[in-house]
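Engineer: Protein chains in written order, with the numbering used here: chain A, 1481 to 1877; chain B, 1481 to 1877; chain C, 1481 to 1877; chain D, 1481 to 1877.
Simulated from the structure, these hints should not be mistaken for laboratory data.
We put the CB at the ideal spot given by N, CA and C, even for glycine.
Among the hints, a few may not be true.
Simulated crosslink set (DSBU-like; lysine-lysine; CA at most 30 Å straight-line) [said to hold, decoys possible]: (1) B:Lys1575 <-> B:Lys1535; (2) A:Lys1722 <-> B:Lys1575; (3) D:Lys1722 <-> B:Lys1806.
Derived DEER-like restraints, expressed as beta-carbon distance ranges [as the list claims (entries may be wrong)]: (4) A:His1776 <-> D:Asn1643: 49 to 55 Å; (5) A:Asp1548 <-> B:Glu1871: 22 to 28 Å; (6) A:Gly1555 <-> C:Arg1517: 45 to 51 Å; (7) C:Gly1555 <-> B:Gly1767: 48 to 54 Å; (8) D:Gly1555 <-> B:Ser1513: 55 to 61 Å.
4 protein chains.
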Amino acid sequence: MSMQTGRRVGVAFVGMGGAVATTAIAGIEMIKSGSNRLDGLPLAGLSVAGLADYKDLVFGGWDLNDDDLASAATGHGVLTKQDIENGAQVLKGIKPWPAVGSAKFCKNIEGANRIVAADHREAVSVIANDLRRFRLESNLDEVVVINLASTERWPNLDAPALNSRDAFEKGLDSSDEAISPAMLYAYAAIQSGVPYANFTPSVAADIPALLELARENGVPLAGKDGKTGQTMMKTVLAPALKARALHVDGWFSTNILGNRDGLALNDKDSLQSKLNTKGTVLDSILGYPVEDHLVHIHYYRPRGDDKEAWDNIDVTGFLGQRMQIKVNFLCKDSILAAPLVIEIARVLDLAKKRGESGPQEQLSSFFKAPMVANGHGPEHDFGKQQHMLLEWLGGQQ
Amino acid sequence: MSMQTGRRVGVAFVGMGGAVATTAIAGIEMIKSGSNRLDGLPLAGLSVAGLADYKDLVFGGWDLNDDDLASAATGHGVLTKQDIENGAQVLKGIKPWPAVGSAKFCKNIEGANRIVAADHREAVSVIANDLRRFRLESNLDEVVVINLASTERWPNLDAPALNSRDAFEKGLDSSDEAISPAMLYAYAAIQSGVPYANFTPSVAADIPALLELARENGVPLAGKDGKTGQTMMKTVLAPALKARALHVDGWFSTNILGNRDGLALNDKDSLQSKLNTKGTVLDSILGYPVEDHLVHIHYYRPRGDDKEAWDNIDVTGFLGQRMQIKVNFLCKDSILAAPLVIEIARVLDLAKKRGESGPQEQLSSFFKAPMVANGHGPEHDFGKQQHMLLEWLGGQQ
Amino acid sequence: MSMQTGRRVGVAFVGMGGAVATTAIAGIEMIKSGSNRLDGLPLAGLSVAGLADYKDLVFGGWDLNDDDLASAATGHGVLTKQDIENGAQVLKGIKPWPAVGSAKFCKNIEGANRIVAADHREAVSVIANDLRRFRLESNLDEVVVINLASTERWPNLDAPALNSRDAFEKGLDSSDEAISPAMLYAYAAIQSGVPYANFTPSVAADIPALLELARENGVPLAGKDGKTGQTMMKTVLAPALKARALHVDGWFSTNILGNRDGLALNDKDSLQSKLNTKGTVLDSILGYPVEDHLVHIHYYRPRGDDKEAWDNIDVTGFLGQRMQIKVNFLCKDSILAAPLVIEIARVLDLAKKRGESGPQEQLSSFFKAPMVANGHGPEHDFGKQQHMLLEWLGGQQ
Amino acid sequence: MSMQTGRRVGVAFVGMGGAVATTAIAGIEMIKSGSNRLDGLPLAGLSVAGLADYKDLVFGGWDLNDDDLASAATGHGVLTKQDIENGAQVLKGIKPWPAVGSAKFCKNIEGANRIVAADHREAVSVIANDLRRFRLESNLDEVVVINLASTERWPNLDAPALNSRDAFEKGLDSSDEAISPAMLYAYAAIQSGVPYANFTPSVAADIPALLELARENGVPLAGKDGKTGQTMMKTVLAPALKARALHVDGWFSTNILGNRDGLALNDKDSLQSKLNTKGTVLDSILGYPVEDHLVHIHYYRPRGDDKEAWDNIDVTGFLGQRMQIKVNFLCKDSILAAPLVIEIARVLDLAKKRGESGPQEQLSSFFKAPMVANGHGPEHDFGKQQHMLLEWLGGQQ
């Protein structure tokens, strides 16, 4: 158990009514009330000075759907009836703030709870105002923003508006089409001095314009695309295959899932963003390109929030002989993701306190495509990522 | 590729006609003749000063069966017809030296190629003589002994003869029943100043009497029980589950294999030795006892040398929700083991050169139950083991 | 939906507090009250004259544990909390009658709710009295007994007491040790003119003495060992492999389950009974002996009542080339078994009405080791069994 | 073994250089020479009057690639080196006849061994001539044509040319674009009185124009799309799920394969044809639409000709509880297909002898989308299909 700091930390989720956010919030509220244990929280066993306590987290956030969190959670089917009853009083009392959305960037998701804003600049101003109000009303020492919204399509990264701070500011004024909703949230957070993490595959703070802004404002960043199921396994297995010099001839990965995320990924453009962050992990760890690395994600309703991955790995060993490894992971997407999101918030808060800014590489183990400082590529080996995290925390087990 | 040292290193296998030894020998001979690549050899890509080159390895060894290696290899069905043809000239020319065996320690394996010796002492003397002759005739700079014999039953570790050097010496004179064949080979090697590794689950050098002798004689040791398939996977996956705080409720492991090793394991006593070395790995990595950790090994002929493992892992995550991971490893036992055996020989040779003695912990990644110096338990986390090995080697990738 | 007959049929379970019986009873009571659909009931879609309606079934039975069924069901963890609440009023009102048990025949199961009887004869008389009382008090047109008790060890089938009606009668008087509890129930039922089915692997009515009695008394019989998960799959897949002339070289079957049945099977003697009924299915369908047919059952608590089977099948096809099929069945033992038990009761009642007696082969699809009339072996091919059942019923889909 | 009839039957393959045809030919030639057993040949154990003996089959056929069969087989990697050596003399002597191909109907397949023909009419005439020459030169009693060419895109079935005999004849004259290469072969065969089977998913004889012609000419037909791996499993498992009233909520099927067929299916249009024939099987057997029935096929080179299927089936049983079945089939596409092709040829020959014409429903078990006579849908239940076949043959096992 981390030490009681008394620090109150606010966590503002983009996509607060989604399965991951409601699960995270319900889980922490149940920890506060004593009906949930610390299973699944990666940093639960460590004692690290300055790390906010789970019980000192306070939640807010935006969503295009204005259902209260008890209704939202019931719809997702992740929490049990009992869980929702246990947390009902708190969950019913939380309603998402109006959100920014754009059908141009994410097709399959709809909702009427929208920020009324004439242009990008005004939208950003509403978001920043939400953060200020959250801090004041909840009497918070720090706020962290975490993007959990549905995956947006890949933006045009060559657009001038994304490539310098000045151009981005002008883009806000002119409502430049290259700027996505995720970028508006990221900008508002960074401009407000609020640490920002991107748990989705969308492009957000990881554009030159916003990286520049984060450095200037001394804001820690993390992202992107939470590493929960299949890709986590990949970054666990691939280093071992490399250590044993088993050459990976092919890696076939298929996923079936039936939640809102799955539905969003049924849109071809959003799917491509997801595959972009999944793709390079393997080659980076192995040190050579795996020519037959196929990754598929399919929307399959019977699975609901229970995501299932099936991997087939073909390797060649001594004397050119071939072997196969098959991994079938029957996991629960939001149950794996929610505790990661909580730990990311706690670590970003601590990073801010320690005076760090820009990409926080110690959080690499939580992401499929870790953001890194310039000049080197990301570390994907899960064991090494975990080592970096523990070293940075400096805690004792 | 390691640097050409010119050092000639002899590798003497206990169980030279078995599938692992014949595969290792054939593979290296084919590398010498250019018809095999370095796939599957874990240290092939490193440049480490003093590490013997693959092409400078020379092979010898003992076996109860006196078939030449071409015949033996044909029987095992690991090497392809083409492989055996490629290596035929060399393999046909190698016949195992007469060996020590005891039906009391290993029931299901037979053979007539036996050392004629009145007692333990004389047997040891024959083995030591074999090593001397091997060194001279093959003009070797160093010899390493590696035990690849079929698994023996678990010995009586409380027997006085195993617990001090003096008692062991007396036990050799009186042919004490507590002393197994594996111990005779280990003693002869250590006494001859020859590095010794135990790739089997049998108890051999890891008794107080022989550990004492190794320290006195400055002999490096390594063991035991090669970590190739299912247990390797276990030590790769378990650290990740721990890092994610996913509580392991149960781990069901079943193996099917149809080679000579599998047949030996059909003997209940030998199987118990195997399970002993497999058992504690998980609890050690996770830091708590997994109450439902079941490991089964079954002799199943259709699989031949192709070992197959099926693992089912039950974990509990956030909010007490449960998930499952299933791993199906269609591996080839000897193809995975042979290159490890070769690397162990090379590292032990280098350790001797570097003046080290006793258990060589840097070789932990190659063993299910790594031998360690007194005072601390073994490291089982595969990633950390690999790190230790690379650190010790100090090589450059 | 079968036609409403108005016939009231009593089903008396041996082992009424077990997972299968409580699931069957709760399911039917919930159908009566409208909170359960007909999913999983094999004959639900057919219209067959004379077949009792699900709503006209009434339940009673014996158990060594005298917990009311709501408590028992809660302990098994098969029914959801909601299910138990829905059926609570009825389930709480049902308590098992005192039962006959013998530690000599089934070790791992205990309970204090025992019939007080000086000898076998008196025990039989108590059971017969229970059936009479059940019929009267519940105003039943017919009663059927179904054995769902934990698996007993294999009896000594050569014992004279089991091999003729007269010797069995004398054995009852002398409390012959060869007579198991299951046989006492079977005798009492048959003697009372009550159809009897054995859903367990125990030997019960399938001994010469009781077969003789059943024919004399005009009592239909069925058994034995319910075919739910892995063996059902085997009898579905094997006929297809045969049709395609794919030669089965080996079939490795492993099961993990964590319910009371699994615990009982941890006793070696009970396990052997189970394996006896599982073993011959394959050879019978294929027409040749599968030399490497291994079947394992392991008690593994994390699985609870969720039984999991993993099968690996090795086949040889054209040109001697080999292929593999792997089947992983994540099933729920009692959820699969309960509806079969209900259909068996309905069909036995109809058989009695149609004047049939002795083994009812049309029920073969429900059993691992179908009882058959003398002179021919059982049909194991699932498709052919299903055809037999539908033909016998003569119903319309 | 079927009785020696002395009848010489020629089998002319469209796509003779492909993996299935070369495997079939090599296998039969090796049976003739005694180096292959009858494993995998479904009708090998039956004695049926009039059924041609395996040894009396003679092979010919067309292919866009003019490699001799030994070269072609080496390229496919299905036959072992030893197999090819055993059959070398015969295989080297066989070269495919020039073939008809159209990039409009099948994109990813190329080859220069093309029939020189000014129009459709002339192409048909060349094919018919090939059949006449084959019959004469090989002194055959009967010839059968079997289409094994790569899958064509789905044609425009509303095109007038496909919908009546007269229009088709005109279409031949005008080289109507609606007529595919597969249809040219089918027409030429039927016109020549030669039985025709379509083992591919392409549309060929199953258009009104050609069905009409077949009836007029008394020619037996069969097709389409050989049922070897995943779909066969589906038609084996689904009837059992139905018999047990387990409701199929979803069935996710994925396939990986790396042979020429896989490459052709990488073309979206050809893939659609394949999926068309795979899709309806499940709903037809179960009697209700499975809303989440997903079927994917991926070209994955490491698998080569070893096709692998992974199926996940979600079912709901008693009390609404859900279960899962996962099937992993590591099969060999051509090894499964080749013997089916041979049996189809033998049965079509027998059908012709028996005076039958039009779709031969007794061959349903060999096809994913069995051709049937008008007025009723196809039978997909594998067990019932097998029963139909055995009944029609009237043989004795």
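Engineer: Hint by hint, say whether it matches the structure.
Structural biologist: We went through each hint and held it up to the structure:
no., hint, in the structure
1, B:Lys1575 <-> B:Lys1535, "holds (20 Å)"
2, A:Lys1722 <-> B:Lys1575, "violated (35 Å)"
3, D:Lys1722 <-> B:Lys1806, "holds (28 Å)"
4, A:His1776 <-> D:Asn1643: 49 to 55 Å, "violated (38 Å)"
5, A:Asp1548 <-> B:Glu1871: 22 to 28 Å, "violated (54 Å)"
6, A:Gly1555 <-> C:Arg1517: 45 to 51 Å, "violated (23 Å)"
7, C:Gly1555 <-> B:Gly1767: 48 to 54 Å, "violated (32 Å)"
8, D:Gly1555 <-> B:Ser1513: 55 to 61 Å, "violated (28 Å)"
Going through the hint list in order, the structure does not satisfy hints 2, 4, 5, 6, 7 and 8.
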